[in-house]
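A.B. asks: The residues making up each chain are set out below.
Number of protein chains: 2
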Amino acid sequence: MPAEVSFTALTPLSFLERSAQVYPEKIAIIHGECRLSYREFAAHAQQLASALHASGIAPGDRVAYLCPNIPEMLIAHFAVPLAGAVLVAINNRLASEEIRYICDHSGAKLLFVDTELHPVLEPLAGRLASVREIVSVDGAGVASRVAGPSYADFLHRGAGEKYLPWKVDDEYRTICLNYTSGTTGRPKGVMYTHRGAYLNALGEIIHCTFTPETVYLWTLPMFHCNGWCMPWAVTGIGASHICLRQVRAQTIWDALTTQAVTHLAGAPTVLSTMANAPQAQRLGRELVVTTAGAPPSPTIIAQMEKLGARVVHVYGLTEVYGPYTVCQWQPRWADEEVADRARKLARQGVAMLIADPIRVVDERMCDVPRDGRTIGEVVMHGNNVMAGYFNDPEATNKAFHGGYFHSGDLAVWHPDGYIELRDRAKDIIISGGENISTIEVEQAIVGHPAVLEAAVIGVPDDRWGERPKAFVVLKHDQQVAAQELIDHCKRVIARFKAPDFIEFVEELPKTSTGKLQKFALRERERSAGRHHIKD
Amino acid sequence: MPAEVSFTALTPLSFLERSAQVYPEKIAIIHGECRLSYREFAAHAQQLASALHASGIAPGDRVAYLCPNIPEMLIAHFAVPLAGAVLVAINNRLASEEIRYICDHSGAKLLFVDTELHPVLEPLAGRLASVREIVSVDGAGVASRVAGPSYADFLHRGAGEKYLPWKVDDEYRTICLNYTSGTTGRPKGVMYTHRGAYLNALGEIIHCTFTPETVYLWTLPMFHCNGWCMPWAVTGIGASHICLRQVRAQTIWDALTTQAVTHLAGAPTVLSTMANAPQAQRLGRELVVTTAGAPPSPTIIAQMEKLGARVVHVYGLTEVYGPYTVCQWQPRWADEEVADRARKLARQGVAMLIADPIRVVDERMCDVPRDGRTIGEVVMHGNNVMAGYFNDPEATNKAFHGGYFHSGDLAVWHPDGYIELRDRAKDIIISGGENISTIEVEQAIVGHPAVLEAAVIGVPDDRWGERPKAFVVLKHDQQVAAQELIDHCKRVIARFKAPDFIEFVEELPKTSTGKLQKFALRERERSAGRHHIKD
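Sequence order for the protein chains is C and B. Under this note's numbering, residue 535 is the last one in the first sequence; the count climbs by one each step, no gaps. Under this note's numbering, residue 535 is the last one in the second sequence; the count climbs by one each step, no gaps.
Please note that the accuracy of each hint is not assured.
Where chains are identical, the list cannot tell them apart; a pair therefore holds if satisfied intra-copy or between any two copies.
Said to hold, decoys possible - Once the Cα atoms are required to be at most 20 Å apart in a straight line, the calculated EDC-like pairs of lysine to aspartate or glutamate come out as:
#	residue 1	residue 2
1	K518	D170
2	K26	D416
3	K162	E17
4	K26	D362
5	K306	E286
6	K306	E337
7	K109	E122
8	K167	D367
9	K167	D61
10	K26	E336
What the hints contain is simulated information worked out from the structure, not anything from laboratory work.
Please construct the entire structure, taking both the sequences and the accompanying hints into account.
C.D. replies: Laid out in structure tokens, this is it:
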């Protein structure tokens, strides 16, 4: 840039600085009986950042969090980068070994863990390679079961430290790592930059129509793509966050009826939970519900409209800061039948304002025709795409071959420029909004001594959207019960990833080169009439 | 930036690309009977950019426009940077010599002029140093009086050219120059970058609450700070522009009553014109009126509220892309008396979301106390501040001394962090939303052979906000009538800059070092009871 240019590195840290200045007394965070003003939110982040420095955290160091959607998790989104460090928000449904892998791979020096999640940490005592201290975040009164300072004691280390500037020296610095289950077994650490998080947050403000009067309910896990950058977006516009330790029908409806919630986000499963709860009732105000993870069904859209909610459908991946596209509403759709409108809204849509145009390409990286029929791969580029996988140049290069990020998602391109997903090339199962890598489940099953090989596909599930089903070939002369295999999986991977169904088969369908043909398994399921499998 | 970062240079060009893709058939521009869809808007910009290339315009070249708020002016905001060139939108109220200076100083190679403005160009025939061609934009049927191609003929040169990417290679490239009347005589060319224009436009979308349903009425001149970056913001969100060749009560109210206008912007003078028109009536919808250039008076705010309009008060300068601060609304103000609320709303406020925090500093660049009484200078920094003055490193360095852009505006800082202007250190007069440099007027007066010296101050004016008044010392034994001096000014500078009042005096108040004491003149005016001069 020319020397004379007046320049400030883009960072979402500036958002909390501004809101604390403009709305010091406004309620920033609500959690149960707890209320934090924007002044307190910023002061807490400052003190925690100072405490991180006092604990030896230097710029670029990783700080991991294993917490539900509590205020401490929200504050971490500002305090950790304020200290110049990198936030690693870990999926709190993972198994001990997965947590260990992420801590070790990221080289996290500190780990903050909610006491409710301590049991999953106990097997890791003394086994984390880089973590120097585990800080116990008080979880609903549950006693700590892990050695290390309490959150209050840790925070105290930052008392009296000087004020840190809400700035970053380089907007391309990593602000956080998000570990994806990916498709090739091991989780990969997706790097978000300060610039990308800033721009994605501005995009969320615009597309989710946040205003300073917004009251945002935290039904979306903050560990999932940093809650689609919403911690930064909601704070930036100066709205109020409502935290939720547990995302259940009761807690959601308690918030919806006692607080003036205007916005929430979540997978269609969350919407379904909301709509089918006994407490469900029409709200006396507009509620904007942003959804992703799976296309919202016509049923869900109709149910949401009945509650007085407007559905904003977005699509993305961990690698693109959460949402990349939005199914941008067209006024002419208002005149259509509900079913037609729902079909339009179930499409993944077009790029957000701050993202490069979305593309659907063939194997030679040429755009497929916009005919609504030709299938190609969804590829993405620009400021709303990750900086790469942490310490994994090979996977990064592979993901970016041809200069674009390859989503692995297969889609058609409609004549109006909206894309619609048709399959997941990577066979990821999306269950309750969370990714389950079929390869990972297969590896767990194959880990059992009686198993020869296994193939996992997603089968439709009313509650979770999809659940894993495994086709298993046993070793010669070996016997094992289906339930024993399921229990085995629950011991080695997160419980929610274990298959619900096991079918023992003589052999698996394969190509001549030995590559598994999962489409044949799906076809078999469909023709057997057991499930309505998507193509 | 690290090599692996996926990166796209920020540019508002991407906004038209997106809206043309998402809303191809939507009405983008309305002007009288003319309607342009977003598809046509983008195609027109593409063709014009190709025509610019075919006419020898290379990246970095300057292209000047002298036009009212017509579709061609809006299209230029995309077509010129699409060709890699720099837009110079000239104030269409300037005198011939001022236009010549700007064309020559910017080195503009092409000049597009509305035929209604041809008379002011006639004296410049053969006298423009760098302009190769003058393109005649058809102005309401007025015949061309200047040699050069018609707009239609020029556009034809771009027919059949290939599609240009809506991209820029470096976001710090200059997208346009805006000449300010400044305070040191000669106009200075303020350089805006693609990055700054992009971010300011996102800020306008958020703070003016633009949505895709917005219908924006062009009451703000597009030549003024590029219409506060609104050409980019309104296009980015995919809203509709309504162009206005002439900003008069009749044309404004015609648009307000026949089109579903939701937003407009302008100086308080424009609001006053609206409110005091015989056609004024309460609108059946919310109208958001963004105002700047002078604090909106309690009277105007009350009048606007009566019409059903909500006032958003912003403040900035040419050097900061138009608006830099916004008087951010606080919910608690709703309960206050109109007069109290209006006093709050008349303050310049706090930095926009995309700007660095605003500061009010003393001579040592230290923040003044936030006591609502101590006066300091308003300084600004960051992405919402110009890249510098074109070809004027000396003025640039002076404006940025201490690392901040010095606005020259004096303000107090209130305990709630909102700033409030108290005086213009540079003595700029704001008349009808347009800047008048008192120094420039003084120089014009002193150019008359009978005048020894002159000092100009702004005096309140019901219609224009402020008008210039000159205190003149004649040369010994010389005589001249006030009207002759006024007529003289109208010949050498823009007519609207000529003083309305002349007072002949024996001498001007000065400091011991000979510096003019304008505050003494203001004091004299006030004590004489002739005007209510601000302190």
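A.B. asks: Would you list, in rising numerical order, the hints stated earlier that this structure does not obey?
C.D. replies: 1, 4
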